[in-house]
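*Asks:* Heads up: the protein sequence lines correspond to chains F and Z, in order.
FYI, in the numbering used here the residues of the first sequence are 1 to 763.
FYI, in the numbering used here the residues of the second sequence are 1 to 763.
Fair warning: there could be bad hints in the mix.
[To be verified] Okay, the calculated bits of chain Z under chain F, using three or more residues with CB under 8 Å as the criterion: (1) 313-327; (2) 635-648; (3) 661-673.
[Unchecked claim] Derived BS3-like pairs (lysine-lysine); straight-line CA-CA distance at most 30 Å: (4) F:K212 to Z:K2; (5) F:K212 to Z:K212; (6) Z:K308 to F:K308; (7) F:K524 to F:K29; (8) F:K308 to Z:K226; (9) F:K196 to F:K29.
The hints are simulated quantities; they were obtained by calculation from the structure and are not laboratory data.
Idealized CB from N, CA, C, for every residue including glycine.
Next come the chains, spelled out residue by residue.
Number of protein chains: 2
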Amino acid sequence: MKISALLTSAGINIGLCVLFLSLYSVLRKQPANVRVYFGRRIAEENTRLRGAFILERFVPSTGWIVKALQCTEEEILAAAGLDAVVFNRILVFSIRIFSLAALLCVFGILPLNYFGQYMHHVHIPSESLDIFTIGNVGVKSRWLWVHCVALYIISGVACILLYIEYRHIARLRLLHLTSATPHPSHFTVLVRGIPKTAKESCSDVVDDFFTKYHSSSYLFHQVVYKVGKIQKIMTGAKKAYKKFKHFTDETVDQGCRSLTYRCCLCGASSNSFKLLNTECEQNRRKADNESSLKLDDEECTAAFVFFKTRYAALVASEILQTSNPMNWVANLAPEPEDVYWSNLWLPHKQLWIRRIATLIGSIVLMFLFLIPVTFIQGLSQLDQLQQSLPFLRGILKKKYYMTQLVTGYLPSVVLQIFLYAVPPIMMLFSTLEGPTSRSERKRSACCKVLYFTVWNIFFVNVLSGTVISQLTVLSSPKNLPVQLARAVPLQATFFITYVLTSGWAGLSSELMQLFGLIWHFIRKYVLRMKEDTEFIPSFPYHTEVPKVLLFGLLGFTCSVLAPLILPFLLVYFFLGYVVYRNQLLNVYRTRYDTGGLYWPIAHNTVIFSLVLTQVICLGVFGLKESPIAAGFTIPLIILTLLFNQYCRNRLLPLFRTSPAQDLIDMDREDELSGRIDEIHRRLHSAYCQFPDTEDVPLEKIKIVGGDEEQGSSSGESTGKESCEDPKRDLSHPTLKGLPVSRLRHAVRSITFLIRLQKRGLSE
Amino acid sequence: MKISALLTSAGINIGLCVLFLSLYSVLRKQPANVRVYFGRRIAEENTRLRGAFILERFVPSTGWIVKALQCTEEEILAAAGLDAVVFNRILVFSIRIFSLAALLCVFGILPLNYFGQYMHHVHIPSESLDIFTIGNVGVKSRWLWVHCVALYIISGVACILLYIEYRHIARLRLLHLTSATPHPSHFTVLVRGIPKTAKESCSDVVDDFFTKYHSSSYLFHQVVYKVGKIQKIMTGAKKAYKKFKHFTDETVDQGCRSLTYRCCLCGASSNSFKLLNTECEQNRRKADNESSLKLDDEECTAAFVFFKTRYAALVASEILQTSNPMNWVANLAPEPEDVYWSNLWLPHKQLWIRRIATLIGSIVLMFLFLIPVTFIQGLSQLDQLQQSLPFLRGILKKKYYMTQLVTGYLPSVVLQIFLYAVPPIMMLFSTLEGPTSRSERKRSACCKVLYFTVWNIFFVNVLSGTVISQLTVLSSPKNLPVQLARAVPLQATFFITYVLTSGWAGLSSELMQLFGLIWHFIRKYVLRMKEDTEFIPSFPYHTEVPKVLLFGLLGFTCSVLAPLILPFLLVYFFLGYVVYRNQLLNVYRTRYDTGGLYWPIAHNTVIFSLVLTQVICLGVFGLKESPIAAGFTIPLIILTLLFNQYCRNRLLPLFRTSPAQDLIDMDREDELSGRIDEIHRRLHSAYCQFPDTEDVPLEKIKIVGGDEEQGSSSGESTGKESCEDPKRDLSHPTLKGLPVSRLRHAVRSITFLIRLQKRGLSE
């Protein structure tokens with residue numbers, strides 16, 4: 001590719017970016033789009049926006065950039081949780097290291113490469129981009145030590161920055177742990193693999209075991225049921241409720257929508273929902289007490305066990321309970337809003353098979369994906385394209401800009417479209433794996449997408465770009481450095497266009513929320529559905545973290561070899577910094593949090609990138625027959641790996657478990673201040689299996705009730721709040737022992753009531 | 001190699017074996033050798049052997065074989081510990097699986113191979129051995145399904161047997177844990193990485209931390225000191241003691257040696273030693289109380305912390321103590337006699353570097369070892385030998401049996417000699433790694449020797465035997481199955497001779513204890529030294545476990561491809577079963593035990609062997625162009641790996657930690673029976689750093705004292721007994737606060753006393 005082609009591509013993308021950013025700055029001011037661009041704010045901060053028509057609304061502005069840059073880390077932590085801070089730190093790290101790398105490589109190495117071998121330079125715009133890579137440096141060049149020194153500086157500074165970030169995030173994680181609000185998950189252990197006995201009920205077995213072996217700290221427990229009889233009744237009730245909800249949306253609730261964004265059910269009689277709510281509570285209570293349900297008891301496979309102190313829960317989760325490691329498997333429970341209920345009842349014995357199966361599935365997907373990628377790679381090599389599609393030859397020869405477009409832009413776009421399908425598939429795999437929490441599922445999907453991206457964007461492009469149909473790369477690891485050394489500088493051009501299309505344009509479309517905007521439009525004006533006040537997406541870490549890390553990988557591997565990519569990359573990271581901060585603050589809502597567990601993934605990827613860069617450089621120095629530079633690279637690889645090992649020893653354990661000292665200190669403090677009783681009392685209603693937040697939006701019913709305040713703290717879900725009502729204690733005597741038949745009867749009567757009401761209103 | 005050459009080799013080895021076994025059965029009856037052949041019995045069972053001269057003593061007999069076969073597993077467990085049982089089970093497993101494999105392959109596959117391709121057979125003795133391998137089966141043979149079925153049967157039965165053994169050993173491990181005698185190690189945690197403070201002494205820091213965070217279960221602690229000032233004083237005292245001991249050996253103690261084997265100091269005044277003993281106790285007490293020693297305090301890096309219950313110690317060892325994972329690293333302590341004191345003071349921060357350094361060292365050794373092995377491999381290929389050493393050509397051409405000897409026997413012997421140097425080097429590496437217990441050190445050395453053996457005996461021979469100087473094997477893993485498939489059948493001959501020399505002859509020399517016998521002879525008649533009653537070797541698991549597992553690997557890989565090896569291997573395992581049982585019962589003494597941790601190593605190696613066999617068979621079926629057989633092998637590989645994963649989930653955790661349930665039950669039982677106070681009292685003297693068993697044999701002094709009984713239980717070391725004297729409590733008030741100067745003075749006066757006594761006696 002020539003420089004002019006690159007400039008064409010860059011021009012298109014810069015144009016698109018400016019267009020999108022301007023559009024965004026206008027669209028965000030339109031009240032109609034407020035749900036799309038300020039989902040989190042509306043849900044959590046009760047922001048009200050005025051709907052006055054003023055000209056200012058249609059003028060592009062940069063105020064949002066200033067706002068995004070001004071907000072501090074504490075604000076992000078408060079608004080979007082620790083994971084958002086980690087993501088922000090990944091961007092900060094990238095900006096820092098690539099600023100240095102760009103400075104070093106563009107001014108130090110780029111001239112060296114340019115004036116390397118072929119001194120007869122043509123006019124710069126029609127110069128091939130390969131002339132800026134290390135490929136242009138002569139064999140046995142005496143300037144290769146500059147590349148080696150640059151590699152040392154970049155690796156060293158990257159390690160120092162990584163360590164600082166790692167320590168910072170570990171400290172934040174500890175602070176998160178010891179934060180003021182007591183998390184119910186700290187006191188709770190999720191026990192799986194409860195052995196079945198013929199005599200006793202599951203609940204009794206759990207009670208007996210923990211009373212016997214953890215008597216001093218055991219509080220009580222709550223059995224998790226397989227989605228069975230009760231769930232069916234619940235689903236029936238929900239369907240009836242939804243029908244009614246839709247109906248009121250259409251007929252009654254027209255006036256009070258749009259600007260207040262507060263309630264959607266004003267005017268409708270709320271009695272029936274109050275009843276439903278109580279009913280659902282009753283169901284849960286039945287599940288907890290289960291004095292008469294024999295059927296469900298057979299299907300119990302897990303239980304939440306609550307302990308008096310955090311330390312006791314930690315201990316119970318860390319030790320091996322019995323001599324059969326498949327029984328009584330205890331792990332610290334996820335936060336209530338993080339629990340992935342439909343996986344909880346999975347038998348623990350299945351999990352290892354599921355894990356292996358999804359692993360195999362992901363690997364198969366990784367390799368099946370090669371087919372479209374190889375095809376796309378063919379597109380970027382114009383002569384091959386002309387061979388395979390002869391009718392194109394005429395067009396391509398005539399119109400010069402068409403050629404530029406096809407080589408510079410099209411490959412990345414097609415690849416991009418294919419890549420959009422990957423994260424949902426990986427998410428599905430992660431669901432099948434059987435994680436107990438949503439955050440774990442997302443993190444697992446993130447890892448899968450990362451491996452997938454690195455393999456299919458980086459390796460396959462590098463290796464099949466030069467030697468098409470060479471899928472036997474893995475079979476000769478010894479030759480890999482040399483092959484990579486040959487291929488990476490050649491593929492740098494493709495990576496630059498990839499940064500332009502996937503990076504820059506991807507960020508603009510992320511900012512624009514194109515999908516959200518279109519969906520919102522269709523819902524509102526085509527399908528004429530009511531606004532879904534409930535659905536506010538959470539941040540897609542599983543797509544964004546791999547994306548940013550992949551760009552880091554591209555940056556590191558190309559830095560010394562083909563430094564022309566670095567300015568483009570730096571622009572991407574700066575833009576990403578602004579855009580993602582804005583999105584985290586305004587658009588996405590944080591319902592669950594891994595507590596910074598994305599950082600070890602980022603750390604490992606950066607280390608991998610560094611080592612890969614060093615290995616490739618080793619190969620390049622070998623090809624250039626520079627034994628000194630190659631010899632100096634080997635200790636650098638060893639040092640980098642040692643640094644990684646040190647971090648694994650020094651900081652990684654903090655991301656795997658919690659330190660006992662801090663937990664004990666917190667327990668003591670709670671005990672002294674007398675807060676512990678309140679915490680214990682709240683544990684009773686912390687986890688409720690059946691009133692699922694997403695399916696039955698209970699807080700709406702509260703809004704209808706009018707007087708209860710809407711939750712303003714970010715960490716607490718609405719479903720939980722309804723459960724936490726202290727009046728509805730589990731030990732309520734009158735609700736015990738209701739049989740299934742009566743529940744079913746109650747639901748039937750509600751459904752009947754709803755039908756009656758609907759008919760009465762529509763007639 | 002021809003069959004006749006194999007028979008020559010087999011003949012020599014059978015002759016040697018019979019000779020050695022007969023010699024052993026005679027030598028073992030000689031009273032002079034009783035220390036060599038019955039070390040354990042004398043040390044632990046107080047057996048006394050009559051020294052009468054009878055003719056029976058010089059007639060070879062087989063009684064010992066019967067005795068070795070008759071003893072039950074319980075007897076081995078009682079006599080030689082759980083590790084011996086594990087080793088025994090490895091042999092039993094090998095006998096079982098290879099009996100089946102031999103039956104199946106010799107009668108099913110051998111004829112198929114023999115009548116495979118070339119039907120024009122010459123006279124059997126001059127037939128090449130290659131004709132019995134799968135190499136003789138034609139391409140696209142319709143009989144390859146027999147090989148595939150045999151592979152299925154062997155893999156399936158091996159997995160079933162493995163699982164049975166694994167479960168059995170896990171059960172034994174639990175029984176070992178819950179055995180009647182309370183182990184002090186169960187109540188003790190070894191804490192490393194104690195943070196240094198300027199204000200407080202190390203002991204106070206430990207006390208403060210555990211009183212604060214483990215107040216309910218913390219008992220007391222004992223600081224471990226770096227070998228420094230006190231140790232120097234101790235060494236001086238020991239030297240003086242040894243001088244005197246040697247002197248008394250020579251002059252006084254001549255009459256009461258030989259047959260009673262009880263004491264070596266009768267007649268000498270024992271007052272001075274009593275004094276020394278007390279002195280040593282004082283030193284220890286000083287170390288514990290350290291009220292005035294400021295110097296040593298700086299060097300404290302570890303401490304034994306004692307807990308009230310086993311469960312509390314387990315909990316303390318499993319959890320992360322503080323937010324710095326490098327500080328307060330707690331692990332369950334090893335048994336007192338298992339502690340490797342000189343590694344305890346190593347700073348915990350160093351350990352990970354040490355581990356990496358020794359790993360690199362071992363890998364370097366593995367690859368440097370290639371040089372002699374390649375040379376030896378050249379020896380077995382006669383034409384190459386003649387090329388490199390032309391003067392041999394004349395000799396080798398003339399004498400036919402010389403050729404047979406060189407090809408059939410010499411390579412293995414030379415290899416054998418080189419291999420003798422490896423275990424001590426690996427043991428040194430394992431020591432440098434910094435393990436805290438002797439058993440851990442041996443286990444680590446066992447792993448290293450195993451990797452080394454498998455690489456250097458199996459892979460290098462297989463791969464460099466066919467393609468000499470091909471060290472780039474690792475660089476093409478895809479071609480590995482095919483290469484192995486070509487090479488393994490060809491190298492089967494070498495492996496058969498290896499079984500004969502290293503296996504059979506090795507067992508006989510193990511039984512004979514050639515080194516022990518010669519050393520004993522030299523000590524007694526050449527150097528005229530006193531018999532060393534103390535030195536009874538412990539079983540060299542780090543050399544014998546890898547040896548047996550290597551033969552298993554050879555058996556599995558050759559079973560289907562070259563079944564002629566199986567009968568020889570079976571003889572080896574049978575012989576090994578008898579010999580090792582005999583040695584475990586009579587010769588070696590068990591001072592420390594890993595508690596069955598050798599089994600996971602064995603399990604993993606067998607799984608590796610099975611998968612390797614399957615991969616090689618896959619390659620062979622590929623070479624023979626049998627897609628059906630190859631296709632059926634792939635699910636077998638997957639099933640074997642799944643089985644391994646199941647075992648890792650189901651049984652391996654029991655080998656990593658102890659189940660809380662059993663520990664709590666034991667704690668309760670002790671509490672109810674009131675035994676717990678006695679246990680706590682004994683903990684005070686369980687671990688003593690300075691009176692080292694090997695250097696100062698304190699029990700001798702007790703024997704001099706006369707009335708104290710000699711320890712008969714196998715698990716208790718002598719050093720520990722002297723420490724356990726309840727009168728010598730740590731809280732003895734008069735011994736507190738003795739300054740270093742006074743200690744030094746005391747030692748000087750003892751040394752002076754000894755000199756005086758020596759002079760008086762010699763004059």
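*Asks:* All the hints need checking, so say for each whether the structure fits it.
*Replies:* Cross-check of the supplied hints:
{"no.": "1", "hint": "313-327", "verdict": "holds (count 11)"}
{"no.": "2", "hint": "635-648", "verdict": "holds (count 3)"}
{"no.": "3", "hint": "661-673", "verdict": "holds (count 3)"}
{"no.": "4", "hint": "F:K212 to Z:K2", "verdict": "violated (70 Å)"}
{"no.": "5", "hint": "F:K212 to Z:K212", "verdict": "holds (26 Å)"}
{"no.": "6", "hint": "Z:K308 to F:K308", "verdict": "holds (22 Å)"}
{"no.": "7", "hint": "F:K524 to F:K29", "verdict": "holds (18 Å)"}
{"no.": "8", "hint": "F:K308 to Z:K226", "verdict": "violated (41 Å)"}
{"no.": "9", "hint": "F:K196 to F:K29", "verdict": "violated (59 Å)"}
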